[in-house]
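Number of protein chains: 4
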Amino acid sequence: MTAKVMPDMQNARDERNIAIDRVGVRGVQYPIRLLDRHNEIQNSIGTFTLTVDLPQHFKGTHMSRFLEVLGEHDGVVSVQSIPLLLAELRNRLQSDESYLSVDFTYFMSKPAPVTGKPGLMGYECRFEAAGGAKTDMIVQLRIPVTTLCPCSKEISDYGAHNQRGYVTARFRSNDHIWIEEIIEVIESCASAPLYPLLKRPDEKYVTELAYNNPRFVEDMVREVALAFDAEPRITWYSLEVENHESIHSHNAYASIERSKS
Amino acid sequence: MTAKVMPDMQNARDERNIAIDRVGVRGVQYPIRLLDRHNEIQNSIGTFTLTVDLPQHFKGTHMSRFLEVLGEHDGVVSVQSIPLLLAELRNRLQSDESYLSVDFTYFMSKPAPVTGKPGLMGYECRFEAAGGAKTDMIVQLRIPVTTLCPCSKEISDYGAHNQRGYVTARFRSNDHIWIEEIIEVIESCASAPLYPLLKRPDEKYVTELAYNNPRFVEDMVREVALAFDAEPRITWYSLEVENHESIHSHNAYASIERSKS
Amino acid sequence: MTAKVMPDMQNARDERNIAIDRVGVRGVQYPIRLLDRHNEIQNSIGTFTLTVDLPQHFKGTHMSRFLEVLGEHDGVVSVQSIPLLLAELRNRLQSDESYLSVDFTYFMSKPAPVTGKPGLMGYECRFEAAGGAKTDMIVQLRIPVTTLCPCSKEISDYGAHNQRGYVTARFRSNDHIWIEEIIEVIESCASAPLYPLLKRPDEKYVTELAYNNPRFVEDMVREVALAFDAEPRITWYSLEVENHESIHSHNAYASIERSKS
Amino acid sequence: MTAKVMPDMQNARDERNIAIDRVGVRGVQYPIRLLDRHNEIQNSIGTFTLTVDLPQHFKGTHMSRFLEVLGEHDGVVSVQSIPLLLAELRNRLQSDESYLSVDFTYFMSKPAPVTGKPGLMGYECRFEAAGGAKTDMIVQLRIPVTTLCPCSKEISDYGAHNQRGYVTARFRSNDHIWIEEIIEVIESCASAPLYPLLKRPDEKYVTELAYNNPRFVEDMVREVALAFDAEPRITWYSLEVENHESIHSHNAYASIERSKS
Numbered sequence: 001m002t003a004k005v006m007p008d009m010q011n012a013r014d015e016r017n018i019a020i021d022r023v024g025v026r027g028v029q030y031p032i033r034l035l036d037r038h039n040e041i042q043n044s045i046g047t048f049t050l051t052v053d054l055p056q057h058f059k060g061t062h063m064s065r066f067l068e069v070l071g072e073h074d075g076v077v078s079v080q081s082i083p084l085l086l087a088e089l090r091n092r093l094q095s096d097e098s099y100l101s102v103d104f105t106y107f108m109s110k111p112a113p114v115t116g117k118p119g120l121m122g123y124e125c126r127f128e129a130a131g132g133a134k135t136d137m138i139v140q141l142r143i144p145v146t147t148l149c150p151c152s153k154e155i156s157d158y159g160a161h162n163q164r165g166y167v168t169a170r171f172r173s174n175d176h177i178w179i180e181e182i183i184e185v186i187e188s189c190a191s192a193p194l195y196p197l198l199k200r201p202d203e204k205y206v207t208e209l210a211y212n213n214p215r216f217v218e219d220m221v222r223e224v225a226l227a228f229d230a231e232p233r234i235t236w237y238s239l240e241v242e243n244h245e246s247i248h249s250h251n252a253y254a255s256i257e258r259s260k261s
Numbered sequence: 001m002t003a004k005v006m007p008d009m010q011n012a013r014d015e016r017n018i019a020i021d022r023v024g025v026r027g028v029q030y031p032i033r034l035l036d037r038h039n040e041i042q043n044s045i046g047t048f049t050l051t052v053d054l055p056q057h058f059k060g061t062h063m064s065r066f067l068e069v070l071g072e073h074d075g076v077v078s079v080q081s082i083p084l085l086l087a088e089l090r091n092r093l094q095s096d097e098s099y100l101s102v103d104f105t106y107f108m109s110k111p112a113p114v115t116g117k118p119g120l121m122g123y124e125c126r127f128e129a130a131g132g133a134k135t136d137m138i139v140q141l142r143i144p145v146t147t148l149c150p151c152s153k154e155i156s157d158y159g160a161h162n163q164r165g166y167v168t169a170r171f172r173s174n175d176h177i178w179i180e181e182i183i184e185v186i187e188s189c190a191s192a193p194l195y196p197l198l199k200r201p202d203e204k205y206v207t208e209l210a211y212n213n214p215r216f217v218e219d220m221v222r223e224v225a226l227a228f229d230a231e232p233r234i235t236w237y238s239l240e241v242e243n244h245e246s247i248h249s250h251n252a253y254a255s256i257e258r259s260k261s
Numbered sequence: 001m002t003a004k005v006m007p008d009m010q011n012a013r014d015e016r017n018i019a020i021d022r023v024g025v026r027g028v029q030y031p032i033r034l035l036d037r038h039n040e041i042q043n044s045i046g047t048f049t050l051t052v053d054l055p056q057h058f059k060g061t062h063m064s065r066f067l068e069v070l071g072e073h074d075g076v077v078s079v080q081s082i083p084l085l086l087a088e089l090r091n092r093l094q095s096d097e098s099y100l101s102v103d104f105t106y107f108m109s110k111p112a113p114v115t116g117k118p119g120l121m122g123y124e125c126r127f128e129a130a131g132g133a134k135t136d137m138i139v140q141l142r143i144p145v146t147t148l149c150p151c152s153k154e155i156s157d158y159g160a161h162n163q164r165g166y167v168t169a170r171f172r173s174n175d176h177i178w179i180e181e182i183i184e185v186i187e188s189c190a191s192a193p194l195y196p197l198l199k200r201p202d203e204k205y206v207t208e209l210a211y212n213n214p215r216f217v218e219d220m221v222r223e224v225a226l227a228f229d230a231e232p233r234i235t236w237y238s239l240e241v242e243n244h245e246s247i248h249s250h251n252a253y254a255s256i257e258r259s260k261s
Numbered sequence: 001m002t003a004k005v006m007p008d009m010q011n012a013r014d015e016r017n018i019a020i021d022r023v024g025v026r027g028v029q030y031p032i033r034l035l036d037r038h039n040e041i042q043n044s045i046g047t048f049t050l051t052v053d054l055p056q057h058f059k060g061t062h063m064s065r066f067l068e069v070l071g072e073h074d075g076v077v078s079v080q081s082i083p084l085l086l087a088e089l090r091n092r093l094q095s096d097e098s099y100l101s102v103d104f105t106y107f108m109s110k111p112a113p114v115t116g117k118p119g120l121m122g123y124e125c126r127f128e129a130a131g132g133a134k135t136d137m138i139v140q141l142r143i144p145v146t147t148l149c150p151c152s153k154e155i156s157d158y159g160a161h162n163q164r165g166y167v168t169a170r171f172r173s174n175d176h177i178w179i180e181e182i183i184e185v186i187e188s189c190a191s192a193p194l195y196p197l198l199k200r201p202d203e204k205y206v207t208e209l210a211y212n213n214p215r216f217v218e219d220m221v222r223e224v225a226l227a228f229d230a231e232p233r234i235t236w237y238s239l240e241v242e243n244h245e246s247i248h249s250h251n252a253y254a255s256i257e258r259s260k261s
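Which chain is which? The protein sequence lines are A, B, C and D, in order.
First residue of the first sequence? That's 1 in this note's numbering, and the numbers climb one at a time after it.
First residue of the second sequence? That's 1 in this note's numbering, and the numbers climb one at a time after it.
First residue of the third sequence? That's 1 in this note's numbering, and the numbers climb one at a time after it.
First residue of the fourth sequence? That's 1 in this note's numbering, and the numbers climb one at a time after it.
Hints in this document: simulated from the structure, not taken from any laboratory.
Every residue, glycine too, gets a C-beta built ideally from N, C-alpha and C.
Possibly wrong hints are sitting among the right ones.
Said to hold, decoys possible - Okay, derived cross-link-like pairs now, EDC-like style, lysine to aspartate or glutamate, Cα gap no bigger than 20 Å in a straight line:
hint, chain 1, residue 1, chain 2, residue 2
1, B, K199, C, E257
2, D, K117, A, E72
3, A, K199, D, E88
4, D, K199, B, E154
5, D, K199, A, E154
6, D, K199, B, D157
7, B, K134, B, E68
8, C, K199, A, E181
9, B, K260, B, D136
10, A, K199, D, D229
11, D, K59, C, E257
12, B, K260, B, E231
13, C, K117, B, E88
14, B, K117, C, E72
15, C, K199, B, E154
16, A, K199, C, E154
17, D, K117, A, E154
18, D, K260, D, D229
19, A, K117, D, E88
20, A, K117, D, E72
21, B, K199, D, E154
22, B, K59, B, E97
As the list claims (entries may be wrong) - Reference listing, derived: stretches of chain D covered by chain B, where coverage requires no fewer than 3 residues with Cβ under 8 Å from a Cβ of chain B:
hint, segment
23, 160-170
24, 178-189
25, 195-202
26, 206-214
Take the sequences, apply the hints, and build the full model.
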C-alpha cells in the first residue's frame, strides 16, 4: 500500500458542524536565529506552537505539514520572517488563519555598572503572531529585577528586605522595538537591575542603588506603565509583577492591562 | 515604636495617576475542604491568588490583610463560601473588586470497568472568581484521557498508536454543576478513560474500548463541544486538548472557545 | 475469557538473566494523614513512588497490586505505618525488597514574631524508605529562609542585598524527630525565618533581625551542619543551600554531606 | 572606597572547622557550541552549575570568578574543553577540586523511516564532570520512546495500549562515545522510536513496528542494560525507564544501575 492509495482520513467530511478555532502542533523544539540590536546573529532554541483554524466540514488537519513548513523555513525568527512562515502555513494547510507562538532565551551583553566587567544575561521571551483574516503580533518578555520594600526601609532602623522579582511584559507595537530597549526600560523602573557578574565595587553600587530606590510591586507596575504610556510605538500592553518576597513564602503580585487606542 | 505610630506608607497618596487592575498575594498554600457529589467532605490543599483593584490615589495595598482574611475563613471552598471570602476581601482592603483563584487536586472514586476494583484518581482543578462591581466564576478542570489515532488504525494492518492526552476545560454556568459530572462527560468523549487501578480483564476492556473509539484531537475537542453545547447549565466554555503523541516528541493540539449567549 | 484463563505474561520466564533493581509505579497521588507534634491529624496529599526488586527469572511485576496495597492501607503516613506498607508490598509482589517515596506538603502553625498573629506555612517534605533485606529511612525537607549577604552589608554605606534561599536537608536518624524540630533548627541558622503573615511591627523585627545576622550560603550550610552535628539522633545528613540571589539571575549554592558513623 | 581597600570577607578566617563539599553558582545560562558526529558545530544553550570545594579555614568562595572563567572560556563544551575549564576554576578559586554540570538540548537529524523526509529532534542532555584530586565524567541523556504493552496485546482481541516513555541513561566510559550512538542504541530497544516528522507510510510503519515489538518498562530497561553490557567503552551505567501510561494517570517505572569493574 503506498501513500497514494492510503485513505486520507483527515480530508474526510465531518458532520458534527463544529469549526475548530485552532489546531496544530505544540512543544516543537527547533534551532532558531535572531538578529540583535547590533545587527548580529544570535543562536537560540525555539519552542513552537503552530496552529491553523479548521472549517467545520473537515475531519482533521495534516499535522506533518506544520513540521515540513518549519523545516523548510530558514530558522530565522524575526518581524520579517514570521509573516512569511504564517502565510506558508495557510497555503499548505488551506486555512484562513494561522498562528505561531515561540518561546526562546535571548542573551544580552551586560557590563557590570562600575568595573565594566562583561557578562551575558539570558531573558525568557515569547513571540505570539497571527496571520490571515486578522493579523497580530505580541512580544512577551520576563525580566528579573531587584525590588526593595519601601515600608520595610521606612519602619526599620537599618536594612530593608529586598528580593528577586519578575516583570512579565506583553505588548503590541506599531513599529519595530528591539528587545534590548524594553529590557532597559523595565530594569530602569526597578530598585536595581540584575547582573550576570558583579565585582565588589559593583556590588556596593547595586546595593546602595536598590536602597535609594525602594519599590513595592505597586510601584514597579506603575513605573513600567508610565514608561509604556510614554512610548508611542507601544499600542497595547499587559504587565504583571511578582516579587518572590524574601520574608514570605508567598509572592506579592500586581497587574495592569491598557489599550491606548 | 509601636504599630500605631509607624508610618503607613501604603496609605500614602500616589501622584502617578495610575489605577492598578489587580494587586495582592500569589502562591499562598492553605488547607481546604471541598464538598463532593456524595455530600462528603474532601480534604485538599489550595494554592491561592487573592487580589483587589487599587485606586490611583493609594500608594499600595495591605498585603497582610489578604492572609488574615484567608486565615479567618473556615477553609471551605465552595460556590457558597467564595463570594463571602471575596466580600470580606473588599471590606478589609476597601476595594471595589476582589478576585480569587485557587488550584487544588480533587479526588474521585473510580471503580475498574469490569472487576469493579476500587481506586482513587486525582484531578487538577481551579476556581477563578471575581466579586464586587462585576461577579464571575470560572471552573477549570484538566482531565487526562486515552486517545487512539483514527488515521493510524485505518492505514495499519494491525495496532494503532494511542497515548495520554489532556483536556483542559474551562466553563461558566448558570446553575451548580458537580466536578464529577464534567469529568464523566469529558471521559465519555475520549477513546477511553484513564483508571487508577486495572486488573487484566479491565485492561482488555479498556484496550478494546480505545481501539473501537479512535479520536483525533480534533474529534476530542468537537465531542466535548457537542456535549457542552447540549448542557443547558453551561453558558460559556473554552476547551484545549493536547495529545502527548506516542510517535512524536511534540504534542498535537486543538482548541475551541464558545459563548452561548 | 476470564481473568483465570488469561495468560499472565508478567509471570513468564525471562531468559535475559538481568535482575531489575527497582520496578513499580510513580507519580501516584493519594490522600494521606500525618500526625503533627501536637498529636493532631493533618490532612495532606501524597505523591508516591512504590517499587520492589525483580529477580532475573521473572518477565515483569504486577503493577496493579501496588495500587491495591496503597488503597487497602489506611492513608496514614508515619514512622510506624510505612514499614507495614513496605512489608505488604513484599508480600503481595513476592519480592525481597520494597521501596517507598512520598512527597507532600506539611503545614506548621507559625505566629508572627512580635504581634503573635497566627498563620499557617506549608513546607515541602519527602519520606524515602526501604524495607526487606536492607531497611532505610530518609527524611527530606525544603525550607525557605531569608539570607542577607555579609559582603554586601560590609562594603555598602547602607542596606544589604538579601533574598529567599532554600535549604534542602536530608537526614537519617536513630530515633524519632518531629518535622517541626528540623524546621526550627534550620530557620534559626538563617538570617531570618520566613513567615506567612507579618504586620508592620513584625516586618520591622524581621528586617532588623536579618540585617543583624548576615549569612552567605557558606554560612548557612555550615550553621546547619553544626546544628546537625550536635543533634545525637541524626546519624547522617546531606545539606544543600541555594540562594535566589536578588542581584543575580543565577543562584548561589553550597552543599555538605556527612556520615557520623 | 576602591576594590583594593574594600574588605574581602570571603577571605576571612572561619573558625567553625567545617569544610564545604561544593560551593559555587547554579542556574547560569550561557550560549554553548557542541561538535556532532558529522564534525559540525551545533549551537545550543547550556544551564551550568559550577562549584569547588572550600577548605574549613576560608569563610567563603568568590562567586564572581566562576562567571569570569565561564565568560573567558570559548563556549565550546566538549570532552577536551571541560577539563580545561575545570582546571581554570581550580586555579582561580585556589581549590583542590572543581565540578561542572551542564544541561542542554542536543538536536539530531532524523529522517522518516519510509519516506526519508528530514526532521530535527531535540534531546535533553547533561554532562557532569569533576576535576582535581579525583576526575570524573558522566553523560546523561533523556530519550523519549514508544512502548507498547505486551500484556495488553496478548489479552486483547485487537489493539494494544502504547504511550510515550522516557529512558534516562547515565554512563561513564573509557573512550569517546557520540551522543548519537547512545540515542540509536536506546531507540532500537524500544517498541519504536519517536520521530519529528512522519507521513502516512511512515506512520503505518511505526504503528506496525511498535505492535510487533511490545515492551514492558521491565523489557526496556533490560534491553538497554544488555546493549550497555555489550558496549566495551561503557564502564558504569544507571538506567531509569518511565512510561506515561496511556491507561493510567500514574507512570510505570523500572531502574537498573551497574558497574562493570
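Looking back at the hints listed earlier, which ones does the structure fail to meet?
Hints 1, 5, 7, 8, 10, 15, 17 and 24 are the ones this structure does not satisfy, whereas the remaining hints hold.
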